[in-house]
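Chains B and D, in that order, are what the protein sequence lines are. The opening position of the first sequence corresponds to residue 1 in this note's numbering, with each subsequent residue numbered one higher. The opening position of the second sequence corresponds to residue 1 in this note's numbering, with each subsequent residue numbered one higher.
Bear in mind the hints are in silico, worked out from the structure with no lab data behind them. These numbers come from a predicted model, not from an experiment. Glycine residues also receive a C-beta, built at the ideal position from the N, C-alpha and C atoms. Mixed in with the good hints, there may be bad ones.
[Stated by the list, open to error] With a Cα cut of at most 25 Å, we get these calculated BS3-like pairs of lysine-lysine:
| no. | chain 1 | residue 1 | chain 2 | residue 2 |
| --- | --- | --- | --- | --- |
| 1 | B | K84 | B | K177 |
| 2 | B | K151 | B | K240 |
| 3 | B | K65 | D | K26 |
| 4 | B | K55 | B | K65 |
| 5 | B | K315 | D | K24 |
[To be verified] Examples of chain B residues lying across from chain D (beta carbon under 7 Å, computed):
| no. | residue |
| --- | --- |
| 6 | E41 |
| 7 | L57 |
| 8 | F67 |
Residues per chain are reported as follows:
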Amino acid sequence: MFFFILTNNNSNKMFFLFILFFSTLISISSNSWFGCWIGLEINLLSFIPLISNSKNLLSVETSLKYFLTQSLASINFLFMILIKFSLLKNFDMNNIISIMMNSSLLMKMGSAPFHFWFPNIVEGLSWMNNFMLMTWQKISPMILLSYYFNKNFLIFMIIMNLIIGSLGGLNQTSLRKLLAFSSINNLGWMIFSIMISENLWLFYFLIYSMMIFMMISLFFLMNMYFMNQLFINNMNFFIKMNLLINFLSLGGLPPFMGFMPKWIIINFLLINKFYFLTFIFMMTSLIIIYYYIRIIYSSFMFNYFKMKWMNLFMKNNMFLINLSSFISISSMILSTFIFM
Amino acid sequence: MLIYDIWFLFIYMFFVGNLIFVSKNKHLLVVLLSLEFIVLSIFFFFLVLLMFIDYDMYMLMAFLVFSVCEGSLGLSILVSMIRSHGNDYFQSFSML
Chain B
1 MFFFILTNNN SNKMFFLFIL FFSTLISISS NSWFGCWIGL EINLLSFIPL
51 ISNSKNLLSV ETSLKYFLTQ SLASINFLFM ILIKFSLLKN FDMNNIISIM
101 MNSSLLMKMG SAPFHFWFPN IVEGLSWMNN FMLMTWQKIS PMILLSYYFN
151 KNFLIFMIIM NLIIGSLGGL NQTSLRKLLA FSSINNLGWM IFSIMISENL
201 WLFYFLIYSM MIFMMISLFF LMNMYFMNQL FINNMNFFIK MNLLINFLSL
251 GGLPPFMGFM PKWIIINFLL INKFYFLTFI FMMTSLIIIY YYIRIIYSSF
301 MFNYFKMKWM NLFMKNNMFL INLSSFISIS SMILSTFIFM
Chain D
1 MLIYDIWFLF IYMFFVGNLI FVSKNKHLLV VLLSLEFIVL SIFFFFLVLL
51 MFIDYDMYML MAFLVFSVCE GSLGLSILVS MIRSHGNDYF QSFSML
């Protein structure tokens with residue numbers, strides 16, 4: 001992220017990036033709920049300068065929408081904290097106050113009933129800002145969610161996340177929105193994993209952010225924002241192979257890296273007899289893999305026009321691309337060597 | 001001192017502020033004003049709550065600092081929008 005900020009000639013945004021990192025740390029390591037709210041406010045304060053760019057009409061609108069939803073969510077969160085404080089409901093997590101607090105945190109994350117701002121904003125941001133939005137901005141609401149959650153409410157939200165994330169991506173042609181709906185779907189998995197244990201959530205989150213980083217860096221290097229840009233024949237075979245591997249890994253197909261955290265979650269689900277939830281997890285994953293394969297199949301198999309004037313110079317970045325393919329394929333096997 | 005009917009006032013103010021925030025307005029400034037109204041209701045609530053404990057208003061001051069920062073951030077986004085679009089009407093949004 002630092003490298004990409006420097007290449008865009010925008011090193012004055014480094015300050016805001018550091019404050020963004022610190023704000024998450026403030027939020028998750030505070031002693032009281034008020035400190036959590038302060039961390040969320042500083043997060044908003046430092047993310048807005050990163051995404052606003054006054055040369056562009058679209059980015060002004062994006063930062064405005066982001067500001068409105070996030071500020072509403074955090075001010076509602078504070079009000080619910082005060083009501084929880086005044087009514088002294090510190091240990092019972094099955095009441096309406098935990099539902100309201102979880103709702104405001106879910107709105108901060110872009111989770112299902114409150115997800116309508118998320119594809120819009122992702123459409124208006126550049127790839128690196130999208131990476132920050134999809135990975136780092138989810139950390140502090142999720143950890144705050146794990147401190148005081150309502151189990152029944154969250155399971156319902158997880159089901160909504162999975163269904164909306166899978167069905168919403170079916171009609172998209174923009175790569176950013178596709179990854180946005182995939183992110184909403186993965187949020188369902190992540191919320192369930194944080195209800196199990198925070199360690200498992202950390203594992204899922206790290207692997208997810210690594211996969212998203214590989215995909216986003218590939219799209220960033222090729223400067224691709226829409227699906228029809230994927231169908232050029234001038235792409236090197238290794239780049240297309242990398243795209244295939246990363247897409248399938250993101251969908252959670254077995255030999256690739258993305259299967260491992262989903263496997264552990266499914267294991268937990270089946271041992272504890274959550275059969276209906278397992279069914280929904282599986283079926284929505286199938287829909288997501290369907291629309292990934294639809295893209296890759298067209299990109300690989302069909303014989304599109306080979307354009308003379310458009311050459312992709314990717315020779316400097318082939319190391320990164322090959323490394324990411326290697327990691328995606330071999331992570332599951334190599335991880336068994338850790339415990340030898 | 002034990003007047004608990006005042007909770008209704010806080011919840012009502014908060015609810016009305018939220019209602020105006022989510023309503024369809026012509027100007028963006030109305031939305032930002034409703035955000036400040038919610039902040040005001042929370043300020044009042046916080047004040048009364050802290051008065052029941054021990055008169056230590058430090059948390060209230062910290063809350064005020066951060067909510068003022070947020071309000072000024074909203075205004076700066078409003079200024080940025082006026083500089084690029086020319087007005088702050090909601091009709092000039094064209095993104096989905």
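Hint consistency between B:K84 and B:K177 [alpha-carbon to alpha-carbon, up to 25 Å] | Between B:K84 and B:K177 the Cα gap is close to 37 Å, so the pair fails against 25 Å, i.e. violated.
Requested in this report: Using Cβ atoms only, decide whether B:L57 comes closer than 7 Å to chain D, and label the hint accordingly.
Outcome: B:L57 check passes; min Cβ-Cβ to chain D is 5 Å, inside 7 Å.
Under the criterion of a CB-CB separation shorter than 7 Å, is B:F67 in contact with chain D as hinted? Hint holds; B:F67 Cβ to chain D Cβ min 5 Å, cut 7 Å.
>> With the threshold set at 25 Å, check whether the alpha-carbon distance from B:K55 to B:K65 stays at or below it.
In response: 17 Å, holds
**Message:** Tell me if the straight-line CA distance from B:K151 to B:K240 falls inside 25 Å.
**Reply:** 42 Å, violated
Is the interface hint for B:E41 satisfied, with its Cβ closer than 7 Å to some Cβ of chain D?
Holds - the Cβ of B:E41 comes within 7 Å of chain D, reaching about 5 Å at its closest.
Task: Given hint D:K26 paired with B:K65 - CA-CA distance at most 25 Å - done: This hinted pair holds, its Cα atoms lying about 15 Å apart.
Hint check: B:K315 vs D:K24, CA-CA at most 25 Å. Holds or violated? Violated, at about 51 Å.
Checked against the numbered hints listed earlier, the structure breaks hints 1, 2, 5; every other hint is satisfied.
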